[in-house]
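Protein chains: 6
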Amino acid sequence: MQNTPPAREGRGLSALRAIAIERHFTRHAEGSVLVAFGHTRVLCTASVEERVPPHKRGSGQGWVTAEYGMLPRATHTRGEREAKRGKQQGRTEEIQRLIGRSLRAVFDFSALGERQITLDCDVLQADGGTRTAAITGAAVAAWDACQWLMAQGRIPQNPMRQLVAAVSVGLLGDDYRLDLDYAEDSQCDTDMNVVGTADGALIEVQGTAEGAPFSRQQLDGMIDLAQRGIAELVALQRQALEI
Amino acid sequence: MQNTPPAREGRGLSALRAIAIERHFTRHAEGSVLVAFGHTRVLCTASVEERVPPHKRGSGQGWVTAEYGMLPRATHTRGEREAKRGKQQGRTEEIQRLIGRSLRAVFDFSALGERQITLDCDVLQADGGTRTAAITGAAVAAWDACQWLMAQGRIPQNPMRQLVAAVSVGLLGDDYRLDLDYAEDSQCDTDMNVVGTADGALIEVQGTAEGAPFSRQQLDGMIDLAQRGIAELVALQRQALEI
Amino acid sequence: MQNTPPAREGRGLSALRAIAIERHFTRHAEGSVLVAFGHTRVLCTASVEERVPPHKRGSGQGWVTAEYGMLPRATHTRGEREAKRGKQQGRTEEIQRLIGRSLRAVFDFSALGERQITLDCDVLQADGGTRTAAITGAAVAAWDACQWLMAQGRIPQNPMRQLVAAVSVGLLGDDYRLDLDYAEDSQCDTDMNVVGTADGALIEVQGTAEGAPFSRQQLDGMIDLAQRGIAELVALQRQALEI
Amino acid sequence: MQNTPPAREGRGLSALRAIAIERHFTRHAEGSVLVAFGHTRVLCTASVEERVPPHKRGSGQGWVTAEYGMLPRATHTRGEREAKRGKQQGRTEEIQRLIGRSLRAVFDFSALGERQITLDCDVLQADGGTRTAAITGAAVAAWDACQWLMAQGRIPQNPMRQLVAAVSVGLLGDDYRLDLDYAEDSQCDTDMNVVGTADGALIEVQGTAEGAPFSRQQLDGMIDLAQRGIAELVALQRQALEI
Amino acid sequence: MQNTPPAREGRGLSALRAIAIERHFTRHAEGSVLVAFGHTRVLCTASVEERVPPHKRGSGQGWVTAEYGMLPRATHTRGEREAKRGKQQGRTEEIQRLIGRSLRAVFDFSALGERQITLDCDVLQADGGTRTAAITGAAVAAWDACQWLMAQGRIPQNPMRQLVAAVSVGLLGDDYRLDLDYAEDSQCDTDMNVVGTADGALIEVQGTAEGAPFSRQQLDGMIDLAQRGIAELVALQRQALEI
Amino acid sequence: MQNTPPAREGRGLSALRAIAIERHFTRHAEGSVLVAFGHTRVLCTASVEERVPPHKRGSGQGWVTAEYGMLPRATHTRGEREAKRGKQQGRTEEIQRLIGRSLRAVFDFSALGERQITLDCDVLQADGGTRTAAITGAAVAAWDACQWLMAQGRIPQNPMRQLVAAVSVGLLGDDYRLDLDYAEDSQCDTDMNVVGTADGALIEVQGTAEGAPFSRQQLDGMIDLAQRGIAELVALQRQALEI
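Residue numbers (my numbering), protein chains in the order written: chain C, 1 to 243; chain S, 244 to 486; chain D, 487 to 729; chain G, 730 to 972; chain Z, 973 to 1215; chain V, 1216 to 1458.
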């Protein structure tokens, strides 16, 4: 275990990693985005299906849900394949529930109509922050799927009210750090994931003391930094979508 | 769905429900606490085992973990029994991971020695806030188990550095509400769970927009209220433990 | 392993342990009973649902079923949580089938109408005889649920023809012993569970040689004793129900 | 549902069905018996393995266990394959536990030495009484496996103290009926399975009221009849084994 | 591991083992065949059900499917029971898919009508070639089931266009060997299973290099031999069916 | 369903689709190849682990195994996620067994030493022929992993004796077609997958009649065509590897 704080490959403490958002990565899905946060790469597809889960049937309203997975060799050492193991791990379920909630918060289900959008977020390569990359990429894939629905004439207006993005922040010693890579993440005392909207509001705040508890002042400092990162990410999403 | 905000059975918006902490509820466990937050009742037992999980073997250090369950008829309508269904739900795993992390944050694993404390939190009756009641009760059960270890002469000093407690807060319209019951919880726009320590620091902050996103100012207001609630709960834990 | 027969905490060989039947233990269930046979404590809830399993649909007749569980630390050393293990053990399924059969034997399904009563029997603390305590407590919970159905005006008369109770007997050396606690149960040569009705008839007889086979005469002696114990239990059920 | 009691294919009420015990039915197992109780046919194999379960390791003592299965089309209408369904049913586990207990009751584990005999009882054709046929056939297969161990010089004397057999009895109206076939079994008010030894003692007694509860006198009558049946079955086992 | 090639119990390299086809082995199934390829014995039952899987509903067409299993002690050393293990192994699924495809290839689903034939192939004793024996036996069981449907007047003509049979061939050194037993199978460099029809056409060809890759000429030699074996097997099927 | 045979996007009946082999697609794996057969794209990673399965421990020999998966939206309509469903489908297991066998056939396990190479083949986009693309890509990833082992100085020579590749062929009417895409595959009467080596030998031949059985002459024609395709694929592998 190294003792010097990680070097962040030259970026400043409050800078995002190199972000790339590649649309139309695969051809079958209604939205398909390969998103990169540094070395973390997640394939996010949005699938439109003309059916809804039981609790929405007959309501005239739609639904948005998410699933998350990681290829066995996305990580430094090979992990067990969940399909072989026979069940998804608790961590997997927790992440896919977070992605689903985050996207649902910006959808108008009446405008979507009685259909479902499923966001599959599969990590091809992992280097920390897979859930924040997944949310950020899934938002772009969902946007494309909504445009496709409008182009098909199935809905008259965009049911997605605004974009949503997510970023991690951490506290290592006295330093606040934005968008942690894997090496930083495992050294931080506190790790926080924040999901926010294009208009500056918050959807989820999840902060966890990994070592010592954190103070209220530290909490405030981490949220300040996260909100600046989310604003930058939304700008990059817009650029990719040309909107 | 009712439209008037719930009446809170006469308590103020920033008041806790009636809290009861009954120790020694069952006889076999090294710590056994029946905790009540209003009508929510959770049986928390602490079991000491002289073995640790593989990643701690030979380290001289101990481990603390938690499991969570809900009796099928703890709720208003009967839920499916997880043992029959053949797996724990994602929500169950998420809660038991939270309880485990919260308790580990106040433990000195070297002082505990190479043994494990398992905290079983089983909900006998549910009315909102089962995870916060579980953390608050499990802390008392863990404390009793540590006292038992010291009384047995297995360890010279208490490996639990301080107490930990948890509470929920919510935002309903313009009102901040402390310690939500089930009826309130399902009406709130934002729901937050905060875990904190006896000395006023924070371990976990989890806030989720159920409906509309929330502002930074609202986030700050909810955390203020949660910290006051945690301080009250720690006082009640101390009273129960006579420390 | 101790060689002296257990002391039974002062009671005679043909005496029941201290029996307690506490109704209305939880608030959501239509019947909720905490039953104690000495240190064995089982929470029995009866849930009424307006649906029946497929083989009863459209028949005009109802159904009664049971599920059984044990909290991980109900026992002296912590057991594995069945929900985590991913399946119910054979012993669990065997016991819940026994409870269901025993209760169905005293029900008039036409009088119940096309609805189901589910009896959840969860062991909070175990000291031998959990299945007999569960049957005895479930009968009281079921009775309360039937009274609730009548009070609601859903059925005109009680579909439960009579009460049912159960007790264990064992053979240790030459002694017949009633209502075995855990220490006795593990020392007995033969262990028998008998389920009977308020009017003195039998529903289930299950006797097993744990060590040496038993003679016909010994079988007869054990059943004699069990029938006396069942009569006492029914009197206590009536007292609790004030009928 | 027919109303006339079944005809029993000409046999008297207290007569067994045609019993056949064919040894050496398959070639790999140390004991292999195809047993027939009328149309019920069960293949019982005894497998000797030089290992014991954890609770017997290092004890110098052996173990006997059983598994039970039914081919999907052993029954009148095809049943689901348990291997495909992904788990054994409660009924299957209950039966294999009964078979295991019954055989263990006649074994001297010290004489067997630290090895295990597994009895696989697979129903090729079912017509009622599969568990009683399985126990009766498994006893012969176990005996052959013990002879094989002695012939191999691995043990000096037979660890199986005596033979064990099992039979069902039922009460239909006022008639006691021995060795029920499927048609009778589904019409009986009470169904009982009794396991006994060659010297006339009892190992298991399991009686269940299917419809109305039964009286003590009826219980006694059923056990009388079962004990006569067991004596006949032991004679047929001896004839098959030429002992 | 022995080095001399196995002796084949006296038969020539291009001779089948002793083949036996016993019809009506069990009484409930519409077709029931015990097939033996030397010491390999498989019970093949054909079950007719008046329902089809979802993709055939309302089509007026039928379906044929297969399931495969092996009794735990069918083999030289006892294998784990798949029902206990909780899932079918990949090998089991692969074999039952092969059996199903092979039989479907000779069926006219319109002539069968909207009903399903399920072929259960359960290995009672294994000595190599269980899948080829299963296909060969299942074809006879399916033929009997079709005759039964015609005898019942449910269909006017046989929906099974012709018989199908299967055999293995192997390459050991320079020798082509027909119908491998277990000892040969484990020594062969290449193992091939061929499924063919009564009129000489092919349904499946599956050849696998176990050790060194094989040449095109060797492939041709193996298929030549397999086709001769299939013709012999079809003659034996006809003899058993008296057609 | 269209009746005109598919157009193959302009290529001739015996031409491969556009093949692309991109090495070093991800950064953690010792070999990482994105292979494309037309629109079919499979990510093949080779992971070296210094451990072997139980049957190889202490043998001084290595092992090669494979796992296969498909992202839910790799296909035209979204498929269920196997990790969520709780088990791999029979088809998945069959394919990963085929990939593993194919690669093992060209490995010298003594030269590899006691370590394992796991080949993960995950389909990002599917358009027919995923198993043949997976084998062809996995061979290149395995070759890179072997070069890495040599570069690390862990082994002195390449344990992979030669390259291996695979292709499908089909029979549609009278036409033999190489490297079927999804539309062709679903229309073909016979579908065959052939795995071969760089030196022209064969490892696996799997031909299946989807509709009518096929003749021996047709089998020969399909294998001729497949062998030409394999030779072309090996040339492309060599070009990618610059060997």
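To be clear, the hints were calculated from the coordinates, so they are not data collected in a lab.
Some hints could be false.
Okay, derived cross-link-like pairs now, BS3-like style, lysine-lysine, Cα gap no bigger than 25 Å in a straight line [as the list claims (entries may be wrong)]:
1) Lys1056(Z) / Lys330(S)
2) Lys330(S) / Lys84(C)
3) Lys1302(V) / Lys327(S)
4) Lys570(D) / Lys1302(V)
5) Lys1059(Z) / Lys570(D)
The structure displayed is predicted, hence computed values, not measured ones.
Results of checking the hints against the structure:
As the CA atoms of lysine 1056(Z) and lysine 330(S) are separated by approximately 17 Å, the hinted pair is consistent with the 25 Å bound. At most 25 Å may separate the alpha-carbon atoms for a hinted pair to count; lysine 330(S) and lysine 84(C) meet this at roughly 16 Å. Simply put, lysine 1302(V) and lysine 327(S) have alpha-carbon atoms about 18 Å apart, close enough for the 25 Å limit, and the pair holds. Straight-line distance between C-alpha atoms of lysine 570(D) and lysine 1302(V) comes to about 18 Å, which keeps the hinted pair within the 25 Å bound.
For the proposed pair lysine 1059(Z) and lysine 570(D), the alpha carbon gap of about 18 Å is at most 25 Å, so the pair holds.
Violation of the numbered hints given earlier is absent; every hint is satisfied by the structure.
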